[in-house]
Structure formats: structure tokens, C-alpha cells
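Participant: So you can see what is in the structure, the chains are spelled out below.
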Amino acid sequence: MKSINKMTQAELAAYVQSHLQEKGITVVLSGGACVSIYTANKYISADIDLIDVYSVARNKIKTAMEEIGFNEKNRYFVHPDTKHIVEFPPGPLSVGEESVTQIREIKLATGILRVISPTDCVKDRLAAYYFWNDQQCLAQALLVAKHNRINLADIKRWSQASGNNKGFGIFLEKYSGNKRSR
Amino acid sequence: MLRPLLGSKGSENVLIFMVARDEGYAREISQFFGMDISTVQNQLDKLELGSILVSLTKGRTRIYTFNPRYPFLEELKQLLEKALSFYPEEEREKLVMNRRRPRRRGKVL
Chain A
1 MKSINKMTQA ELAAYVQSHL QEKGITVVLS GGACVSIYTA NKYISADIDL IDVYSVARNK
61 IKTAMEEIGF NEKNRYFVHP DTKHIVEFPP GPLSVGEESV TQIREIKLAT GILRVISPTD
121 CVKDRLAAYY FWNDQQCLAQ ALLVAKHNRI NLADIKRWSQ ASGNNKGFGI FLEKYSGNKR
181 SR
Chain B
1 MLRPLLGSKG SENVLIFMVA RDEGYAREIS QFFGMDISTV QNQLDKLELG SILVSLTKGR
61 TRIYTFNPRY PFLEELKQLL EKALSFYPEE EREKLVMNRR RPRRRGKVL
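Chains A and B are the protein sequences, given in the same order.
The letter at position 155 of the first sequence is residue 155 when you use my numbering, and the numbering goes up by one with no holes.
The letter at position 44 of the second sequence is residue 44 when you use my numbering, and the numbering goes up by one with no holes.
Here chain A stands alone, though its shape is the one from the complex:
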């Protein structure tokens, strides 16, 4: 097994997830780290957001994390051998008002990485763009869409269901522009 200081972000996430799973704690990777993974690090995030799918007791997570050398600092878990910080946002696993049902499992040397799909990753980023007009998240959604096979029809349906036709139109225009310029 690699030492923590040599693990990539995805390997570290898989290592933590696998350890927690052994303790009966189910977590799924979401947030900026997914963008890093799906864009081959074109976007870098130091955070590892592991959604605590069934909202287990915080103390149970804390004990399990301490077993692998992480300590809780404010709301985050840090390890002396890595710059990555791990957070456990509470479940349910969702994008906007919809629950996420498709989980990808990627086998890595350090464990099994359980991560939301590229389509849900795009929705997750677009949600921040729609709600807060966050241009960084729009750029991240476009990056993920560019580097992965996504279900555009589902993203359109989801956007329309949450009343974000205009935002989706802007995303689609930029996405189509990217595809043409490839």
C-alpha cells in the first residue's frame, strides 16, 4: 500500500472511503474533487468532499478517521502527510432537489473510489452556477462536459425542472462552442 504522502487525490479518497466502508460508513465523493478526477486535474481542488449518505453519527466518523491518522480541525479532517482536507457534508446525496442514484465505482490501488457520475458532476457544478451565478462553477461544468461522455438530455431535463432554462441555454451555447472548436 502506498503511503499517504504519495497518494493522488483520487487514491486518498478511495483509501478513506474503503476504510470507512469497513466500519459501516457509506460515503460518496462529490464536489470539486470530482471535477479534478474527471478532468485529469485540469482543475485542482484540495478538498475531498465525501457525502455522508446515511448521516451517521459524527463521532463514529471521527473515530474511524483517527484510526488512519486524520484529526478533526474545525469541521474538516487533516492529516500531517497530505495537503488534502477531507470534509463530510451530510446526506442525502443530491443535485438540487433530485437524489443521485448512479454511483460509479473505480478500482484503484488504495481501494474502491465511489464517485458521482460525470453527468451528476456537471449538474452539481451547474447548481452553483444557477443559484449563485458562480462563473468558476460554470467553467468547471464545461470542463467536465468536455472531457467525459455526459447525458446532455438529462442535464437539460434537470435544469428545466428546477426552472433554469436560461442558465442551461448559456451552458449549452458554450458547450456547443467548445465542441465546434475542438
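A couple of the hints might just be wrong.
[What the hints assert, rightly or not] In silico DSS-like links for lysine-lysine, alpha-carbon gap of 25 Å or less: (1) B:Lys94 to B:Lys107; (2) A:Lys146 to A:Lys166; (3) A:Lys62 to B:Lys107; (4) A:Lys146 to A:Lys156; (5) B:Lys46 to A:Lys73; (6) B:Lys77 to B:Lys46; (7) A:Lys6 to A:Lys107; (8) A:Lys166 to A:Lys156; (9) A:Lys60 to B:Lys46.
I should point out that these hints are in silico values taken from the structure, not numbers from a laboratory.
Note that the coordinates shown come from a computational prediction; the quantities given were computed from them, not determined experimentally.
Based on the hints, put chain B in the right spot on chain A.
Facilitator: Here is chain B on its own, set in the frame of chain A:
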């Protein structure tokens, strides 16, 4: 009113304030309800940790709003709005009828 469900009066006050005004910060919520500011801050922290609220700093003030990505937001707001409709009229008006339009700096009332 929602205390048995939410677990504390402080939690109810914070959420009712949010649904009435869309946003708030610890000091104004504590002053409105006559609560200790640390109690309000604890409730805000708890609700933010639970992804029900999010916060942004403006100047030196941390402003809280509902998290638009919270999957039960619509249902939660409906519940809070209904609870608010059962509040005494005077308190409800004080919550809802606050000035939101701009006022030029230095303007005498």
C-alpha cells in the same frame, strides 16, 4: 410552535427569521428575539453544518441564507411559512415588515 420538531426554540427562531427575511446575521437575529448571540451563532453553525443554511461574508458581517441546494428546501420553507402564519400578528408583522429598500447614508428620517 415547531420546537418539538426542531429540538429547540433557538433553532425555530433562526429558521423563522430566515423564511421571513430571506437572510440574516447573528446579531440581528439575537436582537430581534432577545436571545444570547452565542446561542444564535451555535444554531447558525449547526444549520450550516447540516447544509440547510449557507453563509457569505459582506464586509465584516457573515450573512446567512437558505442553501438553495438543500434537497428538502421547498418542503422546509412551506412548513416554516405555515408556522409563521400561526404566529401572533404583531410578531409576524415585525418579522416581515422590515425596511429592505435602500436609505442614503446620512439621510435624516
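Participant: Each hint should be assessed against the structure and marked as holding or not.
Facilitator: Hint-by-hint comparison with the structure:
no.	hint	verdict
1	B:Lys94 to B:Lys107	23 Å, holds
2	A:Lys146 to A:Lys166	20 Å, holds
3	A:Lys62 to B:Lys107	53 Å, violated
4	A:Lys146 to A:Lys156	16 Å, holds
5	B:Lys46 to A:Lys73	16 Å, holds
6	B:Lys77 to B:Lys46	18 Å, holds
7	A:Lys6 to A:Lys107	17 Å, holds
8	A:Lys166 to A:Lys156	11 Å, holds
9	A:Lys60 to B:Lys46	18 Å, holds
In summary, the one numbered hint that this structure violates is 3.
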